[in-house]
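Trainee: With the hints as constraints, model all of the structure from the sequences given.
2 protein chains.
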Amino acid sequence: MHFTSEHRLDDAVLEREFTLGEIPGILWTPGSASSSAPAPLILLGPPPLGLRKAYPRLVARARHAAADGFATATIELPGSGDRPRLPAAEQAHADLRRAMAAGEPVTDEIIDALILPLVDKAVPEWQAALDALLSLPEIGGPVGYSGGVISIGTRLAVVEPRISAAVLFAGSFVPRAIIEEARRVTIPLHVLLQWDDEGNDRQTALDLFDAFGSKEKTLHANMGGHTGVPQFAGDAAAQFFTRHLK
Amino acid sequence: MHFTSEHRLDDAVLEREFTLGEIPGILWTPGSASSSAPAPLILLGPPPLGLRKAYPRLVARARHAAADGFATATIELPGSGDRPRLPAAEQAHADLRRAMAAGEPVTDEIIDALILPLVDKAVPEWQAALDALLSLPEIGGPVGYSGGVISIGTRLAVVEPRISAAVLFAGSFVPRAIIEEARRVTIPLHVLLQWDDEGNDRQTALDLFDAFGSKEKTLHANMGGHTGVPQFAGDAAAQFFTRHLK
Chain A
1 MHFTSEHRLD
11 DAVLEREFTL
21 GEIPGILWTP
31 GSASSSAPAP
41 LILLGPPPLG
51 LRKAYPRLVA
61 RARHAAADGF
71 ATATIELPGS
81 GDRPRLPAAE
91 QAHADLRRAM
101 AAGEPVTDEI
111 IDALILPLVD
121 KAVPEWQAAL
131 DALLSLPEIG
141 GPVGYSGGVI
151 SIGTRLAVVE
161 PRISAAVLFA
171 GSFVPRAIIE
181 EARRVTIPLH
191 VLLQWDDEGN
201 DRQTALDLFD
211 AFGSKEKTLH
221 ANMGGHTGVP
231 QFAGDAAAQF
241 FTRHLK
Chain B
1 MHFTSEHRLD
11 DAVLEREFTL
21 GEIPGILWTP
31 GSASSSAPAP
41 LILLGPPPLG
51 LRKAYPRLVA
61 RARHAAADGF
71 ATATIELPGS
81 GDRPRLPAAE
91 QAHADLRRAM
101 AAGEPVTDEI
111 IDALILPLVD
121 KAVPEWQAAL
131 DALLSLPEIG
141 GPVGYSGGVI
151 SIGTRLAVVE
161 PRISAAVLFA
171 GSFVPRAIIE
181 EARRVTIPLH
191 VLLQWDDEGN
201 DRQTALDLFD
211 AFGSKEKTLH
221 ANMGGHTGVP
231 QFAGDAAAQF
241 FTRHLK
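Each protein sequence line maps, in turn, to chains A and B.
Here the first sequence stands for residues 1 to 246, numbered as in full-length UniProt numbering.
Here the second sequence stands for residues 1 to 246, numbered as in full-length UniProt numbering.
FYI, nobody ran anything at the bench for these hints, they're computed from the structure.
Quick reminder that beta carbons are idealized off the backbone N, C-alpha and C, glycines included.
A portion of the hints provided could be inaccurate.
Claimed, not checked - Stretch-level coverage of chain B by chain A, calculated; a stretch enters the list once three of its residues show a Cβ under 8 angstroms from a Cβ in chain A:
#, segment
1, 203-212
2, 215-228
What the hints assert, rightly or not - With a cut-off of at most 35 angstroms between alpha-carbon atoms, the simulated DSBU-like pairs for lysine-lysine come out as follows:
#, chain 1, residue 1, chain 2, residue 2
3, B, LYS215, B, LYS246
4, B, LYS246, A, LYS246
5, A, LYS215, B, LYS53
6, B, LYS215, A, LYS215
7, B, LYS215, A, LYS53
Unchecked claim - Restraint ranges, calculated between C-beta atoms of paired labels, are given here:
#, chain 1, residue 1, chain 2, residue 2, range
8, B, GLN203, A, GLY213, 19 to 25 angstroms
9, A, GLY199, B, LYS53, 45 to 51 angstroms
10, B, GLN91, A, THR242, 46 to 52 angstroms
Mentor: See below:
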């Protein structure tokens, strides 16, 4: 892990860009430059837009988390931003656009090809990022995961015991295989669903929520479309992390 | 409205029993005996158990609300507690028990007979209670409605313009006619659903949530069975009222 830039957003948050091998990432830590105690960490799963496009939303979440005493970090997804494309996913994207333009149903084959290679490649990268982040003196446990592609968050919750609680955003296609994996999740979950999300299958999101094996799981469904998560829903997600990571 | 008893629960809450015609009720007001400013009001819809059996849960909600600066009030439902039975509902209850014991589906006819006469009779009573409560100097607007039989809350939200926001508990049978009425609801709603509620049809609850016409509506689904609403879900409902009634 190499830090490539560092600047203070204000007196409360230090932002540092880093690379982890070929993967770019950003770390935000709370407190003043010299005197911060180790902070619990929230991994911010980005949307598959690339970190540059997602930056305004990510930094808003990072500032909110820092105010609550959390460090946050994110890394570029495979195939996003300046990272090399994933050929299988590119083909699936083209098939998806073709199906939607023709008014045809999006098949399980397209969804699997779009999501599963991404999950398979991204999850070990997030685990490597976690190794590196937890070796920093300014980061302590416990660790939460928030947002991003819900299939990645689901797989991480299954395979990564260092993640203690997760906020998941049900806003992307979900392969049936991931719904089966979800039964093995046991950590506390807070799932956000935009009820009238035009690009998301509501029933699949409800099936996924139903499948999670966690004894504590909460679904918050709101109005406002895919990008219209209300401020109070973000606040509730923050309270969830404060309840579980502090 | 005649007050029949009065005692302080502690320095923060005054509890008064009253009758409104033949209907018993309870009013809880925050603040010290002499010096309370008019408080916004939350109507506490009781479960159809009778106020006496429901009292421990109601008073817990009343104390929580008083701490947030709200007065709360409830009245006995038609056919509950010491009030005269509703013959049609009694028959429907018997039919319901028979159907469930035989493992048969609960028909729309049974649900209609169980719920619709109760709604028709209860809603004007709650409106009369609201008239009386709002005439008290210690009660100010705005008014919220919380809990109880969701079909009563839905009808009240449609017909009673003095109710500004509602927390509804999706934990009882819902006639199809009420789902149609729900499309006319426009006030902000916060709907609680116990995901694995053994006595509640989840799909009907989701259909009802979908039907509400409100631009701001939130569904909070949690684990824990019918009576196991988690503490944090109660806190979130309280925050909803603070957002909308203060």
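Trainee: Keeping to a limit of 35 angstroms between CA atoms, is the pair of B/LYS246 and A/LYS246 held or broken?
Mentor: Holds, at roughly 30 angstroms.
Trainee: Measure nothing beyond the straight line between the CA atoms of B/LYS215 and B/LYS246; if it is 35 angstroms or shorter, mark the hint as holding.
Mentor: Given that 35 angstroms is the threshold and the Cα spacing comes to 19 angstroms, the pair holds.
Trainee: Is B/LYS215 close enough to A/LYS53, meaning Cα to Cα at most 35 angstroms?
Mentor: The hint holds at about 29 angstroms.
Trainee: Using C-beta distances, would you say chain A covers the segment 203-212 of chain B, given that this needs three or more residues below 8 angstroms?
Mentor: holds (count 3)
Trainee: Okay, the segment 215-228 of chain B and chain A, do three or more residues pass the C-beta test at under 8 angstroms?
Mentor: Since three or more residues must qualify, the claim that chain A covers the segment 215-228 of chain B holds, with 9 doing so at under 8 angstroms.
Trainee: A range of 45 to 51 angstroms was offered for this pair. Does it hold for the Cβ distance of A/GLY199 and B/LYS53?
Mentor: Holds, since A/GLY199 and B/LYS53 (Cβ atoms, about 47 angstroms apart) stay within the stated range.
Trainee: Does the structure keep B/LYS215 and A/LYS215 at a Cα separation of 35 angstroms or less?
Mentor: Distance of about 31 angstroms is within 35 angstroms: holds.
Trainee: Has the hinted range 46 to 52 angstroms been met by the Cβ atoms of B/GLN91 and A/THR242?
Mentor: Given about 50 angstroms between the Cβ atoms, the range holds.
Trainee: Look at the Cβ atoms of B/GLN203 and A/GLY213 and judge whether their distance stays inside 19 to 25 angstroms.
Mentor: holds, 22 angstroms
Trainee: Is the hinted pair A/LYS215 and B/LYS53 satisfied, with a Cα-Cα distance of at most 35 angstroms?
Mentor: holds, 29 angstroms
Every hint from the earlier list agrees with this structure, and none is contradicted.
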